[in-house]
Every structure is written in structure tokens, then in C-alpha cells.
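There are 4 protein chains.
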Amino acid sequence: MLTNFGIGTLAMSHSELIDDLVAANRILADHGVFDAYGHISARDSANKERYWLARSMAPALVTAEDIIEFDLDNRPIRPGENRLFFERVIHGQVYKARPDVMAVVHNHSPSLVPFCNSDTKLRPMVGNAAFLGEGAPVFDIRTVDDDGDLNVCTVLQASALAQALGAHWLVLLRGHGAVVVGETVHQCVRHAIYAERNARQQIEATILGPVRFLTASEIDYARRMKPKDPDRAWRLWKGRAMGAAS
Amino acid sequence: MLTNFGIGTLAMSHSELIDDLVAANRILADHGVFDAYGHISARDSANKERYWLARSMAPALVTAEDIIEFDLDNRPIRPGENRLFFERVIHGQVYKARPDVMAVVHNHSPSLVPFCNSDTKLRPMVGNAAFLGEGAPVFDIRTVDDDGDLNVCTVLQASALAQALGAHWLVLLRGHGAVVVGETVHQCVRHAIYAERNARQQIEATILGPVRFLTASEIDYARRMKPKDPDRAWRLWKGRAMGAAS
Amino acid sequence: MLTNFGIGTLAMSHSELIDDLVAANRILADHGVFDAYGHISARDSANKERYWLARSMAPALVTAEDIIEFDLDNRPIRPGENRLFFERVIHGQVYKARPDVMAVVHNHSPSLVPFCNSDTKLRPMVGNAAFLGEGAPVFDIRTVDDDGDLNVCTVLQASALAQALGAHWLVLLRGHGAVVVGETVHQCVRHAIYAERNARQQIEATILGPVRFLTASEIDYARRMKPKDPDRAWRLWKGRAMGAAS
Amino acid sequence: MLTNFGIGTLAMSHSELIDDLVAANRILADHGVFDAYGHISARDSANKERYWLARSMAPALVTAEDIIEFDLDNRPIRPGENRLFFERVIHGQVYKARPDVMAVVHNHSPSLVPFCNSDTKLRPMVGNAAFLGEGAPVFDIRTVDDDGDLNVCTVLQASALAQALGAHWLVLLRGHGAVVVGETVHQCVRHAIYAERNARQQIEATILGPVRFLTASEIDYARRMKPKDPDRAWRLWKGRAMGAAS
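Residue numbers (my numbering), protein chains in the order written: chain F, 18 to 263; chain Y, 18 to 263; chain W, 18 to 263; chain H, 18 to 263.
One or more of the hints may lead you astray.
Copies of the same chain look alike in the list, so a pair counts if it works inside one copy or between any two.
[What the hints assert, rightly or not] Heads up, simulated SDA-like pairs for lysine to any residue below, C-alpha to C-alpha not over 25 Å straight-line:
1. LYS245 - SER176
2. LYS243 - ILE224
3. LYS245 - ASP88
4. LYS245 - ALA77
5. LYS138 - PRO227
6. LYS138 - GLY226
7. LYS245 - ILE224
8. LYS65 - ASP162
9. LYS65 - ARG229
10. LYS113 - ASP136
11. LYS138 - LYS245
12. LYS245 - PRO127
13. LYS65 - GLU33
14. LYS65 - ARG217
15. LYS138 - ARG191
16. LYS243 - THR160
17. LYS65 - ILE224
18. LYS138 - SER62
19. LYS245 - ASP47
20. LYS113 - THR232
21. LYS245 - LEU225
22. LYS243 - ASP163
23. LYS138 - ARG217
24. LYS245 - ALA81
Because the hints were derived from the structure by calculation, they are not lab data.
Based on the provided sequences and hints, a complete structural model is requested.
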């Protein structure tokens, strides 16, 4: 069908990326990771200085037409775009700081919030959450400024957030939520969903007494090895979320 | 379409207010803030001595025909109305005490009840719950009379409740539930939903250890600044609740 | 339509009772008070030596054809009935011991079980749960015999259970579940649903610290006074449960 | 209809077994015991050296065509089968070690995970969970090797796991999940569902204070006696899960 491979492949790649982002929005809403708020972006694999992100809207309602292209300074590529997320600055600054990251989620999923406001570290209970490593860092926006707005809206704030993220896959935001990253949109969605589940299970384990977390060698193994058949979950989740949305 | 602006605008305003109240009832039922019980009223912006409230019925079943107009002494404007909430006295007394308040909810949402019967204060975990300030007050009906009925049915009780509310946006009722207020119906619904979520997250954070709440400057910021795009949540919630109800 | 009032009225009364029992089964299943197990009976107001109860089956599937008449010795009135609950002996013994009781539920609802196996008493958090009084008693089947079967299958066991219930509206069964009673089917269903909710809220309140329960005068008030418009909840619950079942 | 009884019966038996396995996959997904991961197998009653298990796929999507026959060394009987679970080695090793076991589940159900990483033993709260005995053992894969992969993929690992299971019906896997077994597919599904419920109730009971578990004589009774009408739950669960899936 595609005879012009050069443009055809590029166009298809964008359409796949957009299809993935629409599904990611729906999946994260379907899992309660997003409610009316939260956003997920994908870096363009064909042009790493660009990323794609929905307009400012409820994630459950995002369609392909709502996905907009941005440069890493968070300016829309097509002139005249409006209704943009104020917090999109998070995405640009994280992509600048982390060349390995191809997708970024910002969310406020319910079981993560208790860890945002506690000295107890969010740590991995099971292999699927090994990406949490020795414990997720917590970013406190007061280290940048203390005007009282908890939202991350300036380059300075987002840059400090990216620094707090460091080489981690998830950073908690005091009094706010989390930023979760991945090497692909699929992996980023997995991270966001398993972080929420792990948080709930860690809270419940805390009721039972001292908690044993993954060992350093188990965390290290997960860092080296990809999960077997990771797309099994994606396909199931997408089928449900897109079905539920239609 | 509307040529008689004077009457037309007023009529439309009432019809919008009623549409908002129907949606608010369905949204709060859909979120589990209301079960078979609970009620939400709106003050008339065109006549601040009047408010609108459903008949005594399950919130999930409320339609436009069920919304009745009251004066601030809680008397229905149209003669012959029946099946009225006994506890509507709460609405009149709160509107009298708080000229800034345009909407009042009374509910018994599940995660608020533990805070009604505890010395632990309900305090804000995240920006969306900053309206809880330094902690929600708890009203004890025994400060008025001690006959054992926990319902707020007399002017004296409702007046003491309004006093306990003070300048807050939410007051807990010992052994009972909560009264939540807002500057608009939409804001009041937001307050009721975010109070419930915050309560659950605060309970879970308590399991993890000492909890850090919003700072005074963060609470103050939220008091001065309106949330960006607050109606995004309203539109999503309304779409779901009205869809679920039809 | 009914010209033979004597028989007609009686027949209609039975059909209403059966209709109530079918709805009660569906409502309790819909609320998670029943899963595949649990049963609710109604005493016949026209003949207090009889009660009606479904065959041994999943409550969510009960229809009018499945409701059977029993004497207080738990024998089916119509010969040849089969597939009967072994634990129906609970119903007969409770009706014998408590002339005021017109409906009996036996269930294992999830938040009640922790209280079955704890020294912490289940006590009322809110007015709707005032029927729990100063705390629900716990029946330990080992006070009757210790063969290890936790089910209440003999007259001796059920009789001891009825004695443990005493003048209460709910008795917990160690390692098992609960028996809940009411003056009507509607009230009995309310008791079972509000006991479950109260249990969850009491567990969560316990996380926050010392819990304040209803006062003696509040409990006493609820004992003397009927709730206002109690059937509002019944109608909502029935509409949902019968809709969900069809 | 079946005239060739020898082959006919055998064929029908396989088709019943496959029908049961499809239903079991759907039921366990419907109950949240499985998410995108987890698997259940059944030993062939006509040939105890064989078992049946789905391809590597999301349990909620399993159909009869996806069920494959294996020998106890976990080799598919029909040549050319692909997309097989790496962890199927668990099934073969458990069947070898336990001649009484006819069905094996491997899952990661949410309330079991806290017990995998705690010194608090998972113990029976109610009769339906009496199969947990004096407490479920916990298998630590580091007793076999310590390369950091938590998945059970080698004969050595699966053999050690089967040894940790011993004569129990459930073994927890540190940092991972559980393996649950039964004398039939139906019983195995019951065990997996009631283990999850019991875990949640035990966590909640722990909040209330010291927990009383079933006595030795109650556990022993459940070991000797079959539950009355166990298939009532299966029929209800199957109806819901197959309905939900279609």
C-alpha cells in the first residue's frame, strides 16, 4: 500500500506513535492512574528534539486529533495551537536531561500520594516494580521557590525536577503526584501502572510488619533484562480501554 | 432565540442552575459521595435570598422536575410542595452565615466518617485539597442539645453548625458526616469529591508514618488563586454520571 | 381484581413477602454482603410459626419460584422439597427466641470477618449503625461443641447462637461471619448493609487513632425512633439490584 | 449420541477439562486473581503423566483453542507448538511431587503480595480458607540461586518450589506471588479466590489488634470434610465470568 517509503514510513511512524499515545491515555484513565488530570508524552524516535502530547483535556477523552507536536522548549510546532498543558514544561526538561527516555507521564495516582508526603520510601515489592530501584526520590518544589504553587510550570522548576529524577524511572512530587518515564510508551505505561499497584501493596505490607523488598541483585537483574512478553499486558489493557471508551 | 432578554435571561439562568444541580446530584452519586442519602443546593445568583434543592429523594434519581425553590428560612416558594428534606435547615443557615457561599452539600462519604470520630484532623495532602486549610473543624451536635438525634433538623442546630463551619469550606459532623460549601456548584462538587479522596490518602499515609501536609504558603496560594481549567473535571464527571444514569 | 378478600389478601401478602425476599437476596448480593453464599428469611406476618427462605443456591440467582415455606422446626411445609440450606436451623431458632424479629440474614460480608476474630468490638460510628448498640456480641461455636465444623447445623448450636444474639440486632460468629435480624425484611437488609459499611469505617478510623463511637443517648434515641424515610434506600437499592440482575 | 464409548468418553473428558480450564482462566481474571499474567493447569485424569495449560497469553482472553497438552517434563505433546509459558516448569514439577494434585495455579493476586514479603504468616480467618492450615510457607528463590531473576524458569527452581509447597495447598513466593493447588480445577480456583479474600481480611484484622485464627481442630475438620455444595460458587462465578467475557 505504501509506495513512497521515505515519507510513507515516517508518516506511519507518526501515526503509530499517535495511536500509542491515544491508547496510553485511555489505558491510564481506565486503570485510575489518570482521573480528569494527568498527561503522557512520547519523544519522536525520528527526531529526538521533538515530542508529542495531547491538548489540555481529560485523558479519557483524547483522540488522535488532540495530539500535538512540540519542540523540547515546549513550543508547539504548528502555529496557532491553543489549550496547552501548563505543566508540559516537565516533558521538555526531562527529555533534555535524559536522552534514554522516550516517554514521560505526569500523574497523581491515588496510592502514590501517601508516599509523596512521607519519609517511607516507595520500594519494589515484586519484579514488575524493580524499576523503583533502592527507592523513588521525592522532589520538593520548595527547593526551587516557595510561592506556594505546587504545579511545575517554569523551566527552573521542571529542571530541578528532572535533576531530582536523575537516573531513576519515577520521581515523587511532595504534595502533588509523580513523574514516571520509560524507554518506550509501553514501558512508561507499565511503570505508571505497576508503581500504583506496588504502592498499595507496600502500604498493606506495612500493616503486617517490617517489609522485605527486592534485593540489590534482583533490582540489578531487572535493570539488565527486559521482561518476557511485556506487550501481553499492553494488548489486554488496550483492548479493554479502547472498548470501554467506545 | 431569546428575544425577551430580561425574563429570558432569568429563566435561562434558572434552567442552567437546575441543570447544574441535577448533574451535581448524579456526579456525587456516581463518585460514592452520596448513596441513598445526601443533598446539594445552589443559591440563586439573581436573588441571594433564595436557594434551590431537590425533593427528599435518592440523589441518583433526581431530575429537573424534582428541584424546588426555597427562601432562606427553608420554606418552599411554591405552595403545596411536599416530600422535603428535614435537614434542609442546614442550607438556609449556612447561606445566611456565609454570603460568599453559593452551593452547599451535606453528605456522609465513606472516608470522611473516620475523621468525624477521631482527634486526627483532616488536612490537605495535595493542592486540590488545599481548601481544607490547616484542618477541617468538627461540629459536635451535643454542644447544642443532647437528645441523641444526630440529624441537624432545627434552626438552633443548623446555626451552631454554620458557626462551626466559620470561614472554612468543609465541616465534619461527629458521628454523622460533613457539610461542604463552595462559591459555585462546580466548586462545591469538587470540594466534596477531593475531600473524600484526600481522606482516603491521609488514612493510607498514616499507615506509612508521620504525614507531611501542605505548608501554610501552599494553602494560602490556593486560597488566592483559582485552579487552572477546573471545568475539565466537571465535564468529564458530568458526561459519565449522566451517561451512567440514562 | 381480588374478589375473594380472605384468600386474596393472604395470597397477596405472601406474594409481597416473596417479592421482598427476592429483592433482598439481589440487593445483598449487589452490595457484596452475599457472595455465592448467605441467606435471608422472612417470618410470615399472618402466621408467626412459619418463615420463608430460598432453596440452597446463590442469592444473586434467586427467583420467586425458589422461595420455600418452613415451620419453626425448619421443615418445609410442602412435602418433597429438596436442596435446602443446612444452616436454615439458624432461622428457626432465632424466630423462636425473638418474637419481635421478622427477618434473619446469615452472611459473611468482608469487613465483618476481621471483627469476628478480634477483641475489638464492632461499635456504631454513625446513626445508621446505632443498632449495633454498645457493641456486637461474638458467638464462639466451641462453647457448644468442638468438632471443628464452623457451620451452624444443629438445633443445639443454633439455640446457643440465638442466646448469644440476645436482644441485639447482630451477632458475629467467630471464624465465620454474622447473623443479622430486623423487624422487617427492609430493616434487616439495612442492618446488614450498614453493619458492613460501619465495619470498614471503624477499621479505617482505628488507623487514625482512638475512635469515638455514638454515645449511650444516641444509641438509645435510635432504639426509640425510626429513621425518617427508610424506604428511600430500599427503593434505590432494589432498582439497581433488579436492573443489574435482569 | 456417543456410540463409541471408549474414544467418545475420553474425548468428552478432554473437552470437559478444557471447558473447565477456559472457565477457570476467565473466573480468576474476573476476580482480579489474574491480571495480564498468571496461569492455571489441569492434570489429565485419564493419563496422570499429562497436563493441560493455555498458551502464553492474557488469561482473560483464553479460549478452548489455546489449551495445549504437556507431559510432566513440560514438553508440548503436539509438535510445533509455540508461545509457551516459561514458568510452565512449575506445573510439571508440582504434579511430579504431588500425586494428589490435579490442578495448579500460579498468580500474583494483590493481597497475597504483602504476605510474600513479611514475617507475618498467612493464616485462615474462616472455614473457606482452612486449607491454609497453620500458615502458608514462603519460598525464597535465593535458596536455589541468586542471579536476581524472580521468575521460576528452571527445573531446579521449580523443584525447590514444589519442596517448599510440601503437603500444603498454597506456597507464597518471596517478591513474586503464589502457587496454589487443588484436587480438582474447581477446588484450585476456590483456593486461589479464598486465599486472596482471606489475605485482605487478615490485613484488616491486623489493624484491629491481635488476630484469632482457626483452631487446629477446625483446620483438621476442613481437611477431612468436603465443603457442602462447593459447586454453587463455581456456577455463579462461571456465569458471570463467561458473560462478562462474551
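Verification of the supplied hints:
With identical chains, the CA atoms of LYS245 and SER176 are at most 25 Å apart between copies only, with a shortest distance of 22 Å across copies and 34 Å within one. Neither within a single protomer nor between protomers do LYS243 and ILE224 lie at most 25 Å apart by alpha-carbon distance, with minima of 32 Å and 33 Å respectively. Only between protomers do LYS245 and ASP88 lie at most 25 Å apart by alpha-carbon distance; the minimum there is 23 Å, versus 34 Å within a single protomer. Taking the shortest Cα distances, LYS245 and ALA77 sit within 25 Å of each other only across copies (19 Å), while inside one copy they are farther apart (29 Å).
Taking identical chains as interchangeable, the C-alpha atoms of LYS138 and PRO227 lie at most 25 Å apart whether they share a chain (13 Å) or sit on different chains (13 Å). Proximity of LYS138 to GLY226 under the C-alpha cut-off of 25 Å is found in both arrangements, the shortest distances being 15 Å within a copy and 11 Å between copies. Taking identical chains as interchangeable, the C-alpha atoms of LYS245 and ILE224 are never at most 25 Å apart, the minima being 32 Å within one chain and 34 Å between chains. Taking CA atoms no more than 25 Å apart as the test, LYS65 paired with ASP162 passes in neither setting, with 30 Å inside one copy and 41 Å between copies.
When the C-alpha separation of LYS65 and ARG229 is checked against a cutoff of 25 Å, the pair qualifies neither within a copy, at 40 Å, nor between copies, at 38 Å. Taking the shortest alpha-carbon separations for LYS113 and ASP136, neither the intra-copy value of 29 Å nor the inter-copy value of 44 Å comes in at or below 25 Å. Taking the shortest Cα distances, LYS138 and LYS245 never come within 25 Å of each other, neither inside one copy (28 Å) nor across copies (31 Å). In the homo-oligomer, the alpha carbons of LYS245 and PRO127 lie at most 25 Å apart only across protomers (21 Å), although the nearest pairing inside one protomer, at 28 Å, exceeds that limit.
In this assembly of identical chains, LYS65 and GLU33 lie within 25 Å of each other by CA distance solely inside one copy; the values are 16 Å within and 48 Å between copies. Neither within a single protomer nor between protomers do LYS65 and ARG217 lie at most 25 Å apart by alpha-carbon distance, with minima of 35 Å and 40 Å respectively. In the homo-oligomer, the alpha carbons of LYS138 and ARG191 lie at most 25 Å apart both inside one protomer (12 Å) and across protomers (19 Å), since each shortest distance falls under that limit. In the homo-oligomer, the alpha carbons of LYS243 and THR160 lie at most 25 Å apart only across protomers (24 Å), although the nearest pairing inside one protomer, at 35 Å, exceeds that limit.
In this assembly of identical chains, LYS65 and ILE224 lie within 25 Å of each other by CA distance neither inside one copy nor across copies; the values are 45 Å within and 43 Å between. Taking the shortest Cα distances, LYS138 and SER62 never come within 25 Å of each other, neither inside one copy (33 Å) nor across copies (48 Å). For the homomeric pair LYS245 and ASP47, the shortest alpha-carbon distances inside one copy (24 Å) and between copies (24 Å) are both at most 25 Å. For the homomeric pair LYS113 and THR232, neither the shortest alpha-carbon distance inside one copy (31 Å) nor that between copies (31 Å) is at most 25 Å.
Taking CA atoms no more than 25 Å apart as the test, LYS245 paired with LEU225 passes in neither setting, with 31 Å inside one copy and 33 Å between copies. Proximity of LYS243 to ASP163 under the C-alpha cut-off of 25 Å is restricted to the inter-copy arrangement: shortest distance 18 Å between copies versus 41 Å within a copy. In this homomeric assembly, LYS138 and ARG217 come within 25 Å of each other (Cα to Cα) both inside a single copy, at 13 Å, and across copies, at 19 Å. Within a single copy, LYS245 and ALA81 get their C-alpha atoms only as close as 30 Å, which misses the 25 Å cut-off; across copies the closest is 24 Å, which meets it.
In summary, the numbered hints that this structure violates are 2, 7, 8, 9, 10, 11, 14, 17, 18, 20, 21.
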